[in-house]
Amino acid sequence: MLLALVAAFMVFVDGTIVTVALPQLAAHLHASRSELEWAVNAYTLSFAATMLAAGAITDVLGAKRTFVAGLLVFGASSAVCAAAGSMTALDLARLAQGAGAALLLPSALVLATASAPDERTRHRLVGAWTAAGGVGMAAGPLLGGVLVAAAGWRAVFAVNVVIAVPAVLWSLRTMPAVPRRGRRFDTAGMLAATVTIGALVYAFIEAPTRGWANPAVVAAAALALAGLVGFVRAERTARTPLLPPRLYADRGFATSAGQGALFNFTFYGLLFALSLLLQQGRGLDPLRSGLLFLPLTGLISIGSLCAAPLAQRLGRRGVLGLGQLALTVTLLAVAWASTAGGLWPLAVALLPAGFFAGLLVPTMTSQSIAAVPPDLHGAASAAFNTSRQVGAAIGVATFGPLLGAGADLTGGFVTCVSIGAAATALMLLLTAAARPAATPARVDVGR
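When the letters of the sequence shown are read in order and numbered with our numbering, they come out as residues 133 to 579.
Hints in this document: simulated from the structure, not taken from any laboratory. Treat the hints with care, since some could be wrong.
[Claimed, not checked] Just the calculated beta-carbon pair ranges, DEER-fashion:
id, residue 1, residue 2, range
1, G473, G450, 23 to 29 Å
2, V294, T220, 21 to 27 Å
3, L561, G284, 28 to 34 Å
4, A345, R165, 18 to 24 Å
5, P505, R445, 39 to 45 Å
6, R383, S164, 52 to 58 Å
7, A348, C438, 24 to 30 Å
8, A564, F317, 37 to 43 Å
9, T341, L301, 19 to 25 Å
Even glycine gets a Cβ: it sits at the ideal position worked out from N, Cα and C.
Assemble the whole structure, with the sequences as input and the hints as a guide.
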């Protein structure tokens, strides 16, 4: 169980830890704004593109084998990241790192729950596992600030090697084998899903700087469309499809997946923009920048803990509506505070933004599972997390060019946060239009 918690922490901390290192990457590797976006998005792209396939691999090869393979890929690629001498080498290693993370996530969840004697214990273990991921996501900027201040940007990747090596040895020695689930590979579906998601995210990342008429962007969009057609055809005929057709035809699940994408679009885009605003725009060092993330990321954990009790009173739909409305308003307050002068107004405005974001994360996750029958829970979880990673990549790609390139990034930051507020307002509209759940609310605390 401890290894599964460590894996969840590692996977999600690496999605946010690099944001504080971006200014040093720009200085040491002579990276442009677009190249800095790829330092974040290379990880997110491969994570999203391979997550569905990783779930199937876990079922076919077994959780232990997949987990160890994920640790090896994640650790080795982290070592390459730490030693990278160019942005190209770093981005390629980040792609491999994201694939390793995708292998770790579903296998760690299976291992975390395999020994549960009953359903109640299983729910508690899932809550602990998701909470570890949430803590990793929240701790990334602060941990990154400490590491960059102490040892430079390479330390944010080298720390993964320090964790991964003993984790591999420990898992080989102590981790029991978990029975396979007897599932067959949906090879055509896995390839089509990987191509579709990868090409789609690539198009959204490159379009803001190259333009939608650029041949590479047009080719990527066309490849994504062709991959989607191939994926739908493959899933209709597969004996064990990655995404059963009745899953993505379910309106409730589609709404949840869309909200997950919009949330990550806002959250990861905000982290990217805020890091550059604080260091390049306001001249803060990495440690002080990481500390200023605490009002946002620290309150996420508190909000997550409050989600379940609130859902018992208001229902999941009520918590979603409250959280989305409040987050929209507080993001507008963050935009205003960034223009007020000084850092204190911004820090104070980030407090409620973090809390209400924390309310939404576990509630959306629970809602996505509750929307479908029990036999589709595994596929729903993989698809929901995939949609969130796609949203994260598009958010960073969108906010990067809008932030601007001048000495004062405040105007661009206001634009970015305002777009994030519009995204959360759209989430609220989706909640208002959704059918009320017919079952009692239950929320597992965590990410």
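Tested hints:
no.	hint	in the structure
1	G473 <-> G450: 23 to 29 Å	violated (37 Å)
2	V294 <-> T220: 21 to 27 Å	holds (25 Å)
3	L561 <-> G284: 28 to 34 Å	violated (45 Å)
4	A345 <-> R165: 18 to 24 Å	holds (21 Å)
5	P505 <-> R445: 39 to 45 Å	violated (27 Å)
6	R383 <-> S164: 52 to 58 Å	violated (42 Å)
7	A348 <-> C438: 24 to 30 Å	violated (45 Å)
8	A564 <-> F317: 37 to 43 Å	holds (41 Å)
9	T341 <-> L301: 19 to 25 Å	violated (43 Å)
In this structure, the hints that do not hold are numbers 1, 3, 5, 6, 7, 9, in rising order.
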